[in-house]
Amino acid sequence: MITTALLHFSQWLGASRLSSAVAEHFWVVPALQTIHILSVAVVLLGVLLINLRVVGLVERGQGVEAVLDRFLRPVGIAILVLAISGLLLIAGEPSRAIFRTIFWIKLSLIVVAGLLTWSHRQSLTVGCVDGAAISSLRKGIAVLALLLWLAVVVAGRWIAYVDAWPGAPA
Amino acid sequence: MSLENFAIWLSESPLSIALTDFEIAFPAIESLHVIALTLVVGSIALVDLHLLGLAWRRRDASDLMRSILPITWLAFAFALLTGLLLFAANPISYSANFYFLAKLSLLVLAGVNMLAFHLFSHRHLATPGALAPKLSGAASLTLWLTIVTFGRWIGFTL
Chain A
1 MITTALLHFS QWLGASRLSS AVAEHFWVVP ALQTIHILSV AVVLLGVLLI
51 NLRVVGLVER GQGVEAVLDR FLRPVGIAIL VLAISGLLLI AGEPSRAIFR
101 TIFWIKLSLI VVAGLLTWSH RQSLTVGCVD GAAISSLRKG IAVLALLLWL
151 AVVVAGRWIA YVDAWPGAPA
Chain B
1001 MSLENFAIWL SESPLSIALT DFEIAFPAIE SLHVIALTLV VGSIALVDLH
1051 LLGLAWRRRD ASDLMRSILP ITWLAFAFAL LTGLLLFAAN PISYSANFYF
1101 LAKLSLLVLA GVNMLAFHLF SHRHLATPGA LAPKLSGAAS LTLWLTIVTF
1151 GRWIGFTL
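If you read the sequences in order, they're chains A and B. What the first sequence shows, in my numbering, is residues 1 to 170, in sequence order. What the second sequence shows, in my numbering, is residues 1001 to 1158, in sequence order.
Just so you know, not all the hints are guaranteed correct.
What the hints assert, rightly or not - Okay, the calculated beta carbon distance ranges per label pair: (1) A:L107 - B:A1102: 33 to 41 Å; (2) B:D1060 - A:L115: 52 to 60 Å; (3) B:A1055 - A:F26: 31 to 39 Å; (4) A:L115 - B:S1013: 42 to 50 Å; (5) B:T1127 - A:S108: 48 to 56 Å; (6) A:E93 - B:P1027: 46 to 54 Å.
It is worth saying that the hints were derived from the structure and are not from the lab. Every value quoted in this text rests on a predicted model; they were computed, and no experiment measured them. We treat Cβ as the ideally placed atom computed from N, Cα and C, and that holds for glycine.
Model the full structure from these sequences, guided by the hints.
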């Protein structure tokens, strides 16, 4: 049933003007992928610094609050750019990503990793500089969040290599 | 030995054969390459934007570099290692590809720019409004954005 619904969506998307705009010129797809990967750079560096700061491995001279203040917003904007460029890439080739389990695993990982990283903002006390007040649970969450972010990249790369569901368009 | 001969020799090596035979190897190494290169470019871009006065301005430049550059170097080592392995999996195609060769040349230029920064512009970091660090940052940012673009173009022109 889900495959049928996605099939309708991909047929509709494939017939749209957006799809022909992306597929029309050779350079559009690599250009979108370049924008996608540069946005990945912003997200990965941001979440690396945030989560490793929570663990206490980097930026010990800066408060956790300061590191969150500096990077949460750029990471959020980059995720938005990733969503838009990702959607355009799917529009250019509607049969590719959405019929592969790994793509949906990737999206789920983004939600979990994003919420875990964002949860630092909610839980950490203001003005915590030396890291002594950070609980080991919080540090564990930071390590988990970072590993999940790395898994997002692996899952993303894997979309190109796995088979689609049975019944998916070629 | 020319690059072409080297590529032919490498393509017949046990390493190259193992990388092609073991199907999971290429996407796995590629994933690590993406993680490493995005951290290289992200961390360099942060320092470049800081030099240009566009990011984290209340941080001291030398202090920011001290905490960020170890991440850059570690990630660069990973990107280089995984990049060499990706090259070894398909040396003949890569060595004949324009974007691959251009990317390597730009990497050398980025290295030269970094060296010039540490030898010259670095001294002017404390001078308010100094032009040299800004030029270094702008050159670095331009080079690395082009390196990523060319890197992505390789996949479409092999």
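Hint by hint, here is what the structure shows:
A hinted range of 33 to 41 Å holds for the C-beta pair A:L107 and B:A1102, which are about 34 Å apart. Look at B:D1060 against A:L115: about 33 Å separates their beta carbons, and that is not inside 52 to 60 Å. Look at B:A1055 against A:F26: about 34 Å separates their beta carbons, and that is inside 31 to 39 Å. For A:L115 and B:S1013, the hinted distance range of 42 to 50 Å is satisfied, since their beta carbons lie about 46 Å from each other.
Against the hinted window of 48 to 56 Å, the Cβ-Cβ separation of B:T1127 and A:S108 comes to about 50 Å, which satisfies the hint. At about 18 Å, the CB distance of A:E93 to B:P1027 disagrees with the hint of 46 to 54 Å.
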